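*Asks:* As a plain string of letters, each chain reads:
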Amino acid sequence: MADDLKIPLLEELEKGPWPSFVSDIKSVADRKPMAADLLRQLEKSYEDKRGYWKHGGLVGVMGYGGGVIGRYSALPEDFPGVSHFHTVRVNQPSGWFYTTDALREIVDIWDEHGSGLFNMHGSTGDMVLLGTRTEELEPTFRALTEKGWDLGGSGSDMRTPSCCVGPARCQNACYDTMDMTYQLTQNYQDELHRPMFNYKFKMKMSGCPNDCTAAIARSDMAVIGIWKDDIKVNQEEFAKYLDDGFNVQEFVVEKCPTRCITVEGKEINIDNSNCVKCMHCINRMPKALAVGDDKGFAINIGAKAPIVEGALFGSVIVPFMKIEDGDYEELYDFIDRMWEFWDEHGTARERIGEFIERVSLATFLEGIEMEPSPKMVKAPRDNPYIFYEEYFAEEDEGEGEGEE
Amino acid sequence: MGDISTEQLAEECLAIVTENAGKKKIKAGDLQKAMAAKYGDQVDRKDVKAAIKELIDSGKCVYGYFGGSSIELPHVEGSAND
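Going down the list, the protein sequences come from chains V and U. Sequential numbering of the first sequence, starting at 504, is according to the working numbering. Sequential numbering of the second sequence, starting at -3, is according to the working numbering.
Since the hints were derived computationally from the structure, they do not count as laboratory data. Quick caveat, the model's predicted, so the values are computed rather than measured. Here a beta-carbon is modelled for each residue, glycine too, at the ideal position from N, C-alpha and C. It is possible that some hints are incorrect.
Residues from chain U that keep clear of chain V, each with C-beta distances beyond 12 Å, as calculated [to be verified]:
id : residue
1  : Ile0
2  : Asn16
3  : Asp37
Per the computed footprint, the stretches of chain U lying under chain V, defined by three or more beta-carbons under 8 Å from a beta-carbon of chain V, are [said to hold, decoys possible]:
id : region
4  : 17 to 25
5  : 40 to 48
6  : 52 to 64
Next comes chain V alone, as it looks inside the complex (with noise of 0.2 Å):
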């Protein structure tokens, strides 16, 4: 640890068994300048109860309007080591997998480049490297690229989009939540490295309902993968539950929201026509429970957290799509019409959601060219995904979205 360096009250939160950011800064600070001048900085700010930095404005690479977030300390001629102190982020490869030899790419090139110090990961999913100085950025964008990585997203544009695991480790993935990812990035270069909307536009792509990405709450447009078809029982293991003493009745049944399950004997009945997709039951039988076979994704369109305004739950616009032998191009579709709508018609720092309360959901599905929908379930908080078939079949007949 560097010998100067007194930082009395930020020791303090090194305390307890949990881990601390303080240790972790602490120790590359003998050999980082950047790192030891960042607790000086933010010791300063714990004395003084106000913080010392500067928005930087106008930093980043050549071409891009995104991917590096610019700060200044207020006091360089105190902490000249994070006198520039600029983050950059780093486009995470989908479902957050790594080879070592790829991590260590990173750290080598930061460690050259900046301050040792990085985030996995940020809250829209890229890497966090940071602390770097403005002469830096080229040389460290040109040494990500070279290794074939690229920066993410910041600013009035698309951010990184980010995705749960899915298929590569989850049994009730409905769809493929990386290649998803993966598509939608490069497909939308532009939007993501060229800032050009009102506002910032987020995408978390969840494999189901359990939607661990938390899309629904955070992201502009989540993508929720949902199936249509009766949740898979297997009677056989769910006999085994029974004898092995698990009390469905008090941990599933009477947990199910819409009370649509009964067990009579050693047989579990499940009436799918009123299930809403919530995931208990099969979280906790998913040896005898499992999602069904016809399988898709709904998005939900519109969730953020409260920065300008308040937060808003995302709302289901979509109810139910399938990505069919790798054609992207019915989703495209749809996400370059609510775009255009949006940016020609929203205001500055307007996210999509706001946008939406401000001029209506009606006006919103006309804007985009969507007929209206029962489906279109307003900021699901249970996940009340349901299809009706028994009521709607006829209307929607022959329009070819929701229904077998």
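Dock chain U against chain V, hints included.
*Replies:* Then chain U, alone, in the frame of chain V:
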């Protein structure tokens, strides 16, 4: 591609950015609206996006960020340290 060349649109967009430098942050949407007002159906959004890309890639303009992304003339930020 509309009837107006990307180069011409880029020059006109540059003129707007230059005129407003230091006074107003110009966003991509501002340029799209200005070009649509001037040329109507002769240009579409993709044409203006191509013109902005031309300005950025040539280094005549850069992206800025402060309360949303903007298109600006290259300059040293007021907050920048040496």
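*Asks:* Does the no-contact call for isoleucine 0/U survive, Cβ to all of chain V over 12 Å?
*Replies:* Given a closest Cβ separation of 19 Å, the condition holds.
*Asks:* Within the assertion that chain V covers the region 40 to 48 of chain U, do at least three residues meet a Cβ-to-Cβ distance smaller than 8 Å?
*Replies:* This one holds; 3 residues, not fewer than the three required, reach chain V with a Cβ under 8 Å.
*Asks:* Taking 8 Å as the Cβ threshold, is the statement that the region 52 to 64 of chain U is covered by chain V upheld or broken by the three-residue rule?
*Replies:* holds (count 10)
*Asks:* Does asparagine 16/U really sit off the interface, with its C-beta more than 12 Å from all C-beta atoms of chain V?
*Replies:* holds (15 Å)
*Asks:* Residue count check for the region 17 to 25 of chain U against chain V: does it reach three with CB-CB under 8 Å?
*Replies:* n = 3 at 8 Å, threshold three: holds.
*Asks:* Determine whether the non-interface label on aspartate 37/U survives the test: each CB of chain V must be over 12 Å from its CB.
*Replies:* The assertion about aspartate 37/U holds, with a minimum of 15 Å to chain V.
When the structure is compared with the earlier hints, no violation turns up for any of them.
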